[in-house]
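Engineer: One letter stands for each residue in the lines below.
There are 4 protein chains.
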Amino acid sequence: MEAKVFRVPMRSPDDVQGVAELVESGRLRAGEVRCIMGKTEGNGCVNDFSRGFSNFVLSDYFARALNISRREAEARISLIMSGGTEGAMSPHFTVFAASPGGGPAAEESGGKRLAFASGHTREFLPEEIGRMPQAEATAEMVRRLMGEAGIGDPSDLHFVQVKCPLLTAERIRGAPQRGKGVRVEDTYKSMAYSRGASALGVALAAGEVRAAQLSDEAICRDWSLASGVASTSAGIELMCNEVTVFGNSPAWGGGLLIGHSVMRDALDRDAVKAALESAGLAFGWGLSPEQRERVVNVLAKCEASPDGLIRGRRHTMLDDSDINSTRHARAVVNAVVASVVGDPMVYVSGGAEHQGPPGGGPIAVIARAS
Amino acid sequence: MEAKVFRVPMRSPDDVQGVAELVESGRLRAGEVRCIMGKTEGNGCVNDFSRGFSNFVLSDYFARALNISRREAEARISLIMSGGTEGAMSPHFTVFAASPGGGPAAEESGGKRLAFASGHTREFLPEEIGRMPQAEATAEMVRRLMGEAGIGDPSDLHFVQVKCPLLTAERIRGAPQRGKGVRVEDTYKSMAYSRGASALGVALAAGEVRAAQLSDEAICRDWSLASGVASTSAGIELMCNEVTVFGNSPAWGGGLLIGHSVMRDALDRDAVKAALESAGLAFGWGLSPEQRERVVNVLAKCEASPDGLIRGRRHTMLDDSDINSTRHARAVVNAVVASVVGDPMVYVSGGAEHQGPPGGGPIAVIARAS
Amino acid sequence: MEAKVFRVPMRSPDDVQGVAELVESGRLRAGEVRCIMGKTEGNGCVNDFSRGFSNFVLSDYFARALNISRREAEARISLIMSGGTEGAMSPHFTVFAASPGGGPAAEESGGKRLAFASGHTREFLPEEIGRMPQAEATAEMVRRLMGEAGIGDPSDLHFVQVKCPLLTAERIRGAPQRGKGVRVEDTYKSMAYSRGASALGVALAAGEVRAAQLSDEAICRDWSLASGVASTSAGIELMCNEVTVFGNSPAWGGGLLIGHSVMRDALDRDAVKAALESAGLAFGWGLSPEQRERVVNVLAKCEASPDGLIRGRRHTMLDDSDINSTRHARAVVNAVVASVVGDPMVYVSGGAEHQGPPGGGPIAVIARAS
Amino acid sequence: MEAKVFRVPMRSPDDVQGVAELVESGRLRAGEVRCIMGKTEGNGCVNDFSRGFSNFVLSDYFARALNISRREAEARISLIMSGGTEGAMSPHFTVFAASPGGGPAAEESGGKRLAFASGHTREFLPEEIGRMPQAEATAEMVRRLMGEAGIGDPSDLHFVQVKCPLLTAERIRGAPQRGKGVRVEDTYKSMAYSRGASALGVALAAGEVRAAQLSDEAICRDWSLASGVASTSAGIELMCNEVTVFGNSPAWGGGLLIGHSVMRDALDRDAVKAALESAGLAFGWGLSPEQRERVVNVLAKCEASPDGLIRGRRHTMLDDSDINSTRHARAVVNAVVASVVGDPMVYVSGGAEHQGPPGGGPIAVIARAS
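Protein chains in written order, with my numbering: chain U, 19 to 388; chain D, 19 to 388; chain P, 19 to 388; chain R, 19 to 388.
As the list makes no split between identical chains, a pair holds if one copy fits it or if it spans any two.
Mimicking DMTMM-like on lysine to aspartate or glutamate, the simulated pairs with C-alpha atoms at most 25 Å apart in a straight line are:
#1 K207 / E235
#2 K207 / E145
#3 K198 / E158
#4 K198 / E188
#5 K207 / D325
#6 K207 / D337
#7 K198 / E154
#8 K198 / D325
#9 K198 / D240
Worth flagging that the hints you see were computed from the coordinates, not collected in a lab.
Only chain U is shown next, with the shape it has when bound in the complex:
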């Protein structure tokens, strides 16, 4: 297998022309697309319809291209739309295709290449969301997908994208009839618990935490537990966890590599450098023009530091009733990453419970091998 990854600019949430041109030019086969991650230009919060709009138009496009129904297209391709392109962030899609063409990478070229696999857990009961059953099912799925993708060692696992469910009033009402209450009744907060449980599931599979450390109580409470490779986001449209693992595998060919690091706070420029170097791009002050060409995309998670401080200085993100803190945080982390790689069209997503340390988050780099 060979991974093909394309970063495509978007002029508006319904602009799939860039994707269409890849297909029409023959560079991308519609039938090989497995996953699309998008940064769409809504507010990234509750009433962000840019995500759904991109989803609708993308699935409509692939339904026509593959002569299947929209629903079948959605089942076939994992569509992960992350809203919010604050500051310099440039709206775009990242298209992941798995092509049978490539054989294993030649030994002399490092021997491992970008590999990925997608799958979804069983559907959860509302009372399981934000609790151990969700974490455990996620861990199990990550392990299975690592096997499928041929990512043998946790040290070769660099990014795990999880789309997880949230609670709604209707879902909450069903739970007590089965004898157990839900984890949290506030629907907005249920997103955090679902993201947190999912991230700890990834941490478990990645060997970053031990099973004995986890419990219902630890989720969204014991912040010392975290994954350096999890990227989780909650959505209303599903009741299972949809998981995509990314890593390097000796079984895959092609010319791409992935690496990662963990930002310890929103200004952690050193982690950006470390992530680039982890993907084979070593440099002093800045990337060379040739190195810049080799960067396919950077994927990062972020949040406003919950203690209200960055490097000991007070920030105002959490007290701002006009602009949501996640919007501020995305602008900051995008700017830090973009200033190092010299390109603002990188993927930064908000809400990082148990994903890196409080106020920080994982950062992965996909790059062409030299």
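Mind docking chains D, P and R on chain U? Use the hints.
Structural biologist: Below, chains D, P and R without anything else, positioned relative to chain U:
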């Protein structure tokens, strides 16, 4: 003379305790304070009352400390409040005092030290705002203040802060009676024209443009004309230009230096490095802990690039009807600067007409000499 | 002919289930739908993607229902999506169908019934937008559509919805090559000029202004000229004016009537009463339950009064840099209308140049005849 | 005693000129001012500095006028600043003075006149906030102030304004050391609990609920318990409840009356009418010009209905991540009230836990007796 500069955190717009503690501890004499630049945590736009609140409380404090009226305190100390602490930016005051204590810097220590001087032009007629008379009076004032501060050479001039007037409906009504219309009838846009004319006045005095290049028509139209040291902001409370020049002078002593560079876009990390090096702080990837200690503050101007692109990528700042583009831009530039100096408590102000290239802006660094 | 009008709640911008149920239940024939006016829950400003999302999903639905292409569906049905459901306003679609079933209304029942017709002008050159050619072509189209709908007398014309073009950077660039500049270079302001010229075209056809009063200069300047029946909104997706006239006609049957009045300011409760009475609903303090049932929908235009005053009191809508003034205005007018009719699911749209007096706007009521 | 009440427009949060002119003209004695309620033009949420700015400038003014310290002025005059003037709401102060001049009202004029009294409870421990001790102390204070003001009967009590404390991280940390946790750890939510407990305290004193119905558990849970006269708002600057009761008393003279009603939802126009009639202003469709002159101010509380519906229609206030729901709700209720009284300069404040039914709130009218 000796310049003393203190950067003081602010817990809210009315928190002057940090300033009071400097005075009470004897490190700062209230009577020597000449200028205070503040980053306050409002929206930085029209209905930002955090600026006025800080102004009121600061002048109230100094009136009591110096046993004068609030009005006298405002006349004595140039108070420049810039609203908007988006992203990681941390609210703070920068207090500039001129102390008679210091003699000229010893020849062996480089021979020049941070110097500054403040003054204000005559009051303008409404029809002069955004036109050549405002530019010319500003240029004249900059030259006079350079003389006062002992900044002999334009290459020693590193930052010129100008507070300039704007047009109101009332001011506009008076103009036609004198036979000449105002430059622009839109009061919000008059802020841009006033900032632009003032910046070109600074450029003229600094030798960055020639008099023959300037005209009423060139203001806010010919963007090839710009100053790399001007930082101008419009306010409703005055009809003159209030100017403070900052540079290095052989006539001043003390331990501070200023340097500067120009960001060519909002992500220009190289310019941050160049500005730090211009102030005596040379480094490879990052500042050493000792060097960080020597940074007193960084002062930068920014704006969303008017062509909608950064590094060839589309940004969404100009189409965002929920968040003003200046708010996005401040978050970006603060993050870029903060990630390099390791501190988000730096001064970044929006609205950069004729201040650096379109989408970019001047950046100055005040640092302790080694 | 008989007009059928259905008001359908929307749970999100892509929720067309209410429309589908009307069709499936046999109450509405998909092929008879001529126009859909929607209130979608975006910000109603530049980056409002809820409008486009509803448009896409509606045209997708009708394409499938009628077995035509999405493009053909859009050509067949005038889709007018107005963003912004501030305050209590409830998102909904109003579906207008023309059914051949109904004969002329019986003489004894008043003799006239709701009639409507849609059409579009030729495409405009960029330099014609916001100028007399646009106004004149609109007037001509209104007259033609009045004829088509059998609305013989201007006093029977109660509401004219116009979707008109705006200028973009690209469109502006083309104009000088043809020897004439565009009306305004600011793309956002071009929306106001286009709305204004279109509204004056309606006023001309409705006999509210005389041709001699109109000129390029009068558009968006002489606010004494206005239409009490025009409702115009600018969109990027067309270069012609798409016009729908609504009135009462002796040639149409069915059970619906339309009436209107003009709000003189955003709080003009008396005009709401007058509009209801104009549609046959006379009352004292409030509508009776039976009368409430007869209200099909209320359609109103609004804006923040440009002089900053309502009833002599200062409002803060125009100085608010966090919330656009049109958003405030919609919340106010919807609340005033909703409090009188007892229902917040009414249509209120912002931006009312030459539509009613400054700060006010037309208000129409569609009701079932008694 | 005689109550004097003045409604004064404000041009900005620091504009106290209207108050100063009342004093200078001799219509108001600075020493007789007991309470000022302000509507200031901030966002009414966490980072609203317009409230503090008005507070600072008002206390500064009265300190100078009465030749006392700012702190003494604040202790002497209850300053209640409510942020948020969305929609048509016009910023203003309402100044309440108690003048010894007036004797009891003549029997023939109705026998009762506007009376009020202010006081504050003991300081609460953090763990008491949002629980019964806060409710009980509030009830006790209301009863005592009713006695002081000569409001003998609960039916003569029409409005009780309470300023109550909130929890901060620091306050929360202290509680466990005393063996009992705080009611809620989320500082923003503590505002709701504090408002709710205070409102139930008012309800208890007003005889609207019985002591047996109240418990820690009922606060912010059993919404069937509510006061029709309570108006409570939380602020960071105090740890006690500051209470002002307003009613009609046979012991007071002067020419003012107060009445009230309860809005059952945000569009409840009938309740506005009932409140006006309760204050002696009976009318059919609208107030006469003479009646409008008699309205001194209207005071109302509001909130977005928590079930997401108004009159059975979905509203979008609770899902709007760009504009806080309280901002939407204020725009709506102000518009409804203003459209009936013909004046947008009325007081509408958000956050109505246990103040009227869910989605509704109390509304009081102060008017000149005929």
